[in-house]
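Sequence lines, in order, name chains A and B. Numbering of the first sequence is given in this note's numbering, commencing with residue 1 and proceeding in unit increments. Numbering of the second sequence is given in this note's numbering, commencing with residue 1 and proceeding in unit increments.
No lab work stands behind these hints: they were computed from the structure. Please read all numbers here as calculations on a predicted model, not as lab measurements. Keep in mind that the hints are not guaranteed to be accurate.
Pulled from the structure, derived: some chain B residues nowhere near chain A, Cβ distances all over 12 Å [claimed, not checked]:
(1) 59
(2) 129
(3) 410
(4) 439
(5) 491
(6) 629
(7) 636
(8) 672
(9) 760
(10) 956
(11) 987
(12) 993
16 Å max Cα-Cα, derived EDC-like pairs, lysine to aspartate or glutamate [unchecked claim]:
(13) B/619 with B/629
(14) B/788 with B/842
(15) B/680 with A/362
(16) A/407 with B/280
(17) A/168 with A/192
(18) A/412 with B/629
(19) B/239 with B/95
(20) A/412 with B/280
(21) B/286 with A/362
(22) B/334 with B/280
(23) B/788 with A/68
(24) A/433 with B/63
(25) B/805 with B/822
(26) B/986 with B/265
(27) A/309 with B/559
(28) A/407 with A/345
(29) B/37 with B/63
(30) B/286 with A/466
Just so it is clear, CB atoms sit at the ideal spot from N, CA and C, and this is done for glycine as well.
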Amino acid sequence: MRHIFAKTAIAGTLILGVTSCANDLNISSIDPQTSQSYEDMSLLAKVYGTLGMTGQKGPAGSGDISSDEGESGFYRTTFNLETLPTDECNWAWQTDTDIPQITGIRWNANSARTQWAYQRLGFNVLMCNFYLQETASREGESNYTAYRAEVRFLRALYYWYFLDLWHKAPFKDENNSMTDLPVEKVGKDLYDWIDNELTAIESILPAMGTYNNATDFGRADQGAAFMLHARLALNAQVYTDGVTNDYQKAIQYCDKLLSGPYSLSSTAKTNPSNGLTYSGYAQLFMADNDENTDAMKEIIFPIRQDGLKTPNYSTVNYLVSSTRIAGMPYAGTKNCWSCNYARPDLIEKFFPSDNIPMSTEDAPNGATESDIIALDAKDGSDTKSILVAAGDDRALFYAGRGGGIRKLRTDKLNNFLDGISIVKWQNIRTDGKTCSDPEFPDTDIPLLRLAEAYLTRAEAKWRTGDASAINDVNILRARANAQPLTKLEKQDIIDEWCREFYMEGRRRSDLIRFDMFTGKDYVWAWKGGIAKGQAVDSHFKFYPIPMDDINNNENMTQNAGY
Amino acid sequence: MMKQVNIQFPLRMLGLLFGLFLSVGAFAQIDVKGHVKDATGEDVIGATVRVVGTQTATVTDFDGNFAIKANQGADISISFVGYQTVTVKAAPTLEITLQDDSQVLENVVVIGYGRAKKNDLTGSVTAIKPDELSKGITNNASDMLVGKVAGVDVITSGGTPGAGAQIRIRGGSSLNASNDPLLVIDGLTIDNNTATGMSNVMAMINPNDIESFTVLKDASATAIYGSRASNGVIIITTKKGQKGTAPKVSYNGDVTVSTIAKKYDTLDGNAYRALVGSMEGLDVTKLGDANTDWQDQIFRTSVSTSHNISVSGGIKNMPYRVSAGLNSSNGIVKTSWMHRTNLGANLAPSFFDNHLNLNITAKYMYEENRYADAGGAIGSALSIDPTRPVYIGENDPGYKEFGGYYQPMVSASFSDPSWAYTNNSNAPQNPLALLTQKKTLAYANDFTGNFEVDYKIHGFEDLHLHASYGGQYTESLQKDIINPTSYSNNYYGWNGRTKFYKYSITTNAYAQYQKELGAHYLDIMAGAEESHYHRNGWNAGQGTDPYNGEAYNPSIRSEQEWATHNTLVSYFGRFNYTLLERYMLTATFRADGSSKFSEDNHWGYFPSVALAWKINEEKFMKNINWWNEFKLRLGWGMTGQQDIGSDFAYAPLYTVSNSYAMYPFGSTYYNTMRPSSYNKDLKWETTTTYNAGIDFGWLNNRITANIDGYYRKTTDLLNTVTIPVGTNFGSVLTKNIGDLKNYGVEFAINAKPIVTKDFMWDLSYNISWNHNEITSLTEDADDDYYIKTGTTISRGNSTQIMANKVGYTANSFFVYQQVYDENGKPIEGLFVDRNADGQINESDRYLYKKPSADVIMGLTTKFIYKSWDLSAAFHASIGNYVYYDYLSNKGSISASGLYSNSAFTNTYPEAVELGFTGIGTEYYLSDYYVRNASYVKCSNITLGYTFPEWLQKEHLGGRVFVTVQNPFFITKYKGLDPEVSSGVDKNPYPRPLSVQLGLNLNF
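In isolation and in its complexed conformation, chain A is listed as follows (with noise of 0.2 Å):
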């Protein structure tokens, strides 16, 4: 009997032994392209990486949100809402998700473009703070003073789309735990959040210039919070329902920047390999922009755009491709997705009696790219045509026979050639050089520049009844190499914004500082989602909260008319 115990016992101990204890459930990940720490260049590089990335893996695979990547970036999702619903563009495919409501302005609570935007402003903040959070013990270190302050910068900035888009935020500084739920900022109190941050990092932030070179193109400095708080003061009377008007602090903040090291490019400039010349405004939006050094001055903040280092869907690839159709000349890329084109109204801007010279005549059959330049030329339908026929550098607009020949207005909203092609976005370079890459293009946005401070100082001036503000509006005119103006009322001022700034995703803004996006006072075509357009109510001036905010956060409340 002893020894079945014995035996008993020694299997025992041989089942215990095979199945070795809990501890090895105490494992961490393997994965060679985790870690559990952070670089701080690279996590600072993820900060503003995400105003032109959507995650981490070029050119989609590895999203920051989860929804379609391609549609997820920053500069789309703002520029889509800002955009799309206003009289500068239309989106060929009524099919896609959410289009038929955002580009006719019937958007509802549910709206899933209003939540993209949403969410990847949302996230945006959230690594602000985290770096904020992360790097709060190193301030006052070397470069960490510089670092911290451009990243409140990046944080300030978002916010400030907030505000414009929904006139709220949900809320949270770097005070507040990942987990906390953000509260909501309303209007003047986001305001005032904003005004007081970016004065507070006025006095720590880099002077302005300092990153104006190409050892640190992309970074913010004073520059970038100068404009960034004119643009902001200017607009006080809509997002603080009234309350606020700071019209002198915009033309102070831009007689800073005026007076600064920047300047307008205004240096035409021939491509050797194409021939053809561009002018100093259309070198702003060429694929060289941060090499161009006449570019570069004129801009106070860009987004770094690379087509072979950081290819995405997001950023100037949507730019250059949403716009583009197969077979239009100087395309510079090979996936034209052919989506945005001109409405009427943007034509209208630069050709009051829809005067642009077109081609009425199909390319025959196995043209080549060469036959439809000269058959373009022939026609005078090119872009240098419309430009010298516009009388204005700023009318980068092609009506050839490139894809198909071009309507000016349709009644019938689901075809690219239904307007004209805006062809703005470039991604060809001064200099002549290849491009980096086929499809992915290598200009930068220029996300804030000088043209800008002019403009504002010249409505806010008008604003205030100072006469002087025509000289500004001038200034643009001449680098355009347009007539200037004799006068200057209500229409000239959100006319010129319109000439100079369209395509660059603020027309809605503009609109309602002139009260002229919702109500009957300016229609457009296609306003309200009917060909000749139609009053929209004025709830629609600011965004709905997303449904799914207004269900997971009990803090958020619903936009008034939702």
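Keeping the supplied structure of chain A fixed, place chain B upon it in accordance with the hints.
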């Protein structure tokens, strides 16, 4: 050796033939009368009584009696399913007692960590043996389960050679976690992550080696597997040799011809020219003059073969079995094929008078695949301009860049100035060029082995100890070589490698004590297990600029390497108690520790209890002879789910970017690092199951049936939800919120309606009904709260057409309600204003139908007449709906819909008739596209001929057969095939119609 056999064999045949002639009338015949009963004294009805070596046979009558004529001294064999066959010498009166065949599956089934007599089971367990006569074409273990088990829904994943299947047991219990059942092969739990380059997770088992499947359905059966058992368990046991038997060689070979059953309906060149000609704003002269059927270019009739050989026997106390299989499958989409070799070996020696038993199982698999991008090719074939020829020629300008294939193009600017054109990215691609210019080859090796020791203690035989050590090792390499003249990688081409490597190790040990004490029977088991799973891999590749030899967009190995692992530590036990052979209690308990959760949440506890009552053993039923089984089962138990996709979702980590997602300051580019979203509170999903069942057996089990009802509730549902903005590093997070319930009824019956000496009819039928409903989704959202989910559709922007909402079945379609005109035709973009607020928007969408079936059925019928067998298997699905993506993808019969970006796109007659133009609406979100896809399918029909007995006596047994797979189906659904596991019918690889000729030989 071979030569000898060749000479000997015909001689023996000759002798046999002579023998037959000589035997005629040589012996006097006598009348044999007999009675057949079983060990308990019950009469055996329907047993086959046969005079060995003749065609003379009969069956026993209702009282177990028979009468037959036989030569004096002849052998008479008596056989009946479930009993060992008895052979006796002919005599005027015979009294025969049949013994239970304990090897027969019907009586002993494999359960978790042990075996049990089927009669003693308390839980819902279905064991099936692959039906050799009606198995159909089985390239894969899961093919054998289609329609065979009540409550088990198997949807094969289409025609890709060697592809696996989606298996759902009693509906899905999870939303975001896996709904796949746990797979246990020869005692080893299998990691269900399929390796790149391996056709499916079960590929390492040769279907010919499978002895049995055991499907554990209710929690009292599955709870012993704890945290991985919520979706049921499938235990596969492979064949073994038998002690002390001579070597038996078995060969199975077949050849299969497959073809596409039905093509998609598209416009041909003439019809397309007519359509374009009728369309305002389109120029018909831009079309070509060809009439190309692009589908004919990509589909083919293919021939596949397989050969399997096994040798089994027993050298004294060491049964062995070795097997080899070669499977060469060619797909019906051009260029796709799979070659697989399976080797298997099993040794089960016993020592010390059966006290020490070893069981060693080893399986090796080598597989080569050439994958075709079938979805891409079919999508292109349905879209590309049918007025163009397939091939234009390299000499035509622009076509050199595409290897001479027709392809819409745009002008290019590469460093090679002579490469003047490239693909038009938004035009359809040439589908044949896609198949031929992209070569994806994969090579996979898999080794799976398990070593088990079972020791009955000398002098204390009631206790035995069992330990096993098993593992799986898989490695694969996939090569992707894409031609520079391709559409996808024009000019630069691509040469890539993907490496996948995984291993898992499981060790377990348990002790089992079994004791009978008078009316009491005890069976107690306790043990522990540890498993470790590891996976890693990398990929690398590059395009190359042919002009200057520079790499283009290289995928850098160091940036593409990945690795992950997880560990599971478990303790488990089972207590079985039987009183008076009729009252049974089973209780199990498992504690699982998982590394997938933070330290505070490592452990989960999974108990179960079940009761059974064998009513037929009660006195009042004992003398009802024709009623053999009447058992009531009741069970309750809890199981878990830990398969949440990520091994470290609870831990804060940083993810580094690759070289294509950097950000520059000045001219210095930095890799970025992103903190990953994480949830430190993640824990188990828990499913509680209640089950009640009754088992019946009548007429000596000629009719058996069972019925089960169940209710399952999953709590702490792992659910990926949109989070409040600004509360984690992402927009969604996986959390334990929500509840889900499933309830249903299953019924299965097997009957042999006709059993005569020459003719037997066997019929199996099962039906099950399941209801799935989400009962809670998130803490305090309003009633309208929903979460979009499921496969994306072709239209929109990664648009998901399904949603989860409280009160509805998981993955219900989330659509607008279509408005129809007076002729019943849908009006484009006109939807019902369901909330009557005067506008049509997202708030008007509603949940309508779902992809999962309400009722599934399986039917197998089998006729055996003398040496001939004819069988057919059917399966049916009722109440399953499919989003008709095929049609909704083409709702733009307009100038810009047919011609955009300088390229024409083909369409379908059905789309032309519908006439949607794609103006300003999300027309594709209509319930019009949600179609009833209920079906009855004939899985296969098989006709076989088994070699006659005289040949078997000469040690050559065998069978030849012909099988038709997927001969027909009945459905209202208009698409190619209503069986769509994802619920979105998006150009899947079509299931082929196949004819197989096969041969089995046993000698």
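Against the structure, the hints come out as follows:
At the 12 Å boundary, the C-beta of residue 59 of chain B stays outside the reach of chain A, the nearest C-beta of that chain being 50 Å off. Every C-beta of chain A lies more than 12 Å from that of residue 129 of chain B, the closest at about 32 Å, which supports listing it as non-interface. Distance to chain A contradicts residue 410 of chain B as a non-interface residue, since its nearest Cβ pair spans about 5 Å, not more than 12 Å. Annotated as non-interface, residue 439 of chain B keeps its C-beta farther than 12 Å from every C-beta of chain A; the closest such distance is 23 Å.
Not every Cβ of chain A is farther than 12 Å from the Cβ of residue 491 of chain B; the closest lies at roughly 8 Å, contradicting the non-interface assignment. Residue 629 of chain B, annotated as away from the interface, keeps every beta carbon of chain A farther than 12 Å; the closest lies near 37 Å. At roughly 28 Å from the closest C-beta of chain A, the C-beta of residue 636 of chain B stays outside 12 Å, upholding its exclusion from the interface. In this structure residue 672 of chain B is not separated from chain A by more than 12 Å, as the shortest Cβ-Cβ distance comes to only about 4 Å.
Listed as outside the interface, residue 760 of chain B is consistent with that label: its C-beta sits roughly 48 Å from the nearest C-beta of chain A, beyond the 12 Å cut-off. For residue 956 of chain B, the non-interface assignment is confirmed: its Cβ lies about 47 Å from the closest Cβ of chain A, beyond the 12 Å cut-off. Distance check for residue 987 of chain B against chain A: the nearest CB is about 19 Å away, which clears 12 Å, and the non-interface claim stands. Residue placement check: residue 993 of chain B keeps its beta carbon more than 12 Å from all beta carbons of chain A (closest about 36 Å).
The straight-line distance between the Cα atoms of residue 619 of chain B and residue 629 of chain B is roughly 13 Å, inside the 16 Å bound, and the hint therefore holds. At most 16 Å may separate the alpha-carbon atoms for a hinted pair to count; residue 788 of chain B and residue 842 of chain B meet this at roughly 12 Å. Distance restraint check for residue 680 of chain B and residue 362 of chain A: the Cα-Cα separation of roughly 62 Å exceeds the 16 Å cut-off, and the hinted pair is therefore not satisfied. This hinted pair checks out: residue 407 of chain A and residue 280 of chain B have alpha carbons roughly 14 Å apart, not beyond 16 Å.
Taken as a hint, the residue 168 of chain A and residue 192 of chain A pair is honoured in the structure, with Cα atoms around 12 Å apart against an allowance of 16 Å. Only pairs whose Cα atoms come within 16 Å are accepted, and residue 412 of chain A paired with residue 629 of chain B is rejected, the gap being roughly 73 Å. About 34 Å separates the Cα atoms of residue 239 of chain B and residue 95 of chain B, which puts this hinted pair outside 16 Å; it is violated. Restraint check: the Cα-Cα separation between residue 412 of chain A and residue 280 of chain B comes to about 13 Å, which is no more than 16 Å; the hinted pair holds.
Distance check on the hinted pair: residue 286 of chain B and residue 362 of chain A sit about 11 Å apart at the alpha-carbon level, within 16 Å; holds. Of the supplied pair hints, the one linking residue 334 of chain B and residue 280 of chain B is violated, its CA atoms being roughly 38 Å apart against a limit of 16 Å. Between residue 788 of chain B and residue 68 of chain A the alpha-carbon distance is near 13 Å, which keeps this suggested pair within the 16 Å criterion. For the suggested pair residue 433 of chain A and residue 63 of chain B, the alpha carbons sit about 99 Å apart, so the restraint of at most 16 Å is broken.
With a C-alpha separation of about 33 Å, the suggested pair residue 805 of chain B and residue 822 of chain B falls outside the 16 Å cut-off, and the hint is violated. For the hint pairing residue 986 of chain B with residue 265 of chain B, the CA-to-CA distance comes to about 14 Å; that is within 16 Å, so the pair holds. Restraint check: the Cα-Cα separation between residue 309 of chain A and residue 559 of chain B comes to about 14 Å, which is no more than 16 Å; the hinted pair holds. Simply put, residue 407 of chain A and residue 345 of chain A have alpha-carbon atoms about 13 Å apart, close enough for the 16 Å limit, and the pair holds.
For a cut-off of 16 Å, the pair hint linking residue 37 of chain B to residue 63 of chain B stands: about 9 Å separates their Cα positions. Distance hint between residue 286 of chain B and residue 466 of chain A is unfulfilled; the C-alpha atoms sit about 60 Å from each other, more than 16 Å.
Checked against the numbered hints given earlier, the structure breaks hints 3, 5, 8, 15, 18, 19, 22, 24, 25, 30 and satisfies all the rest.
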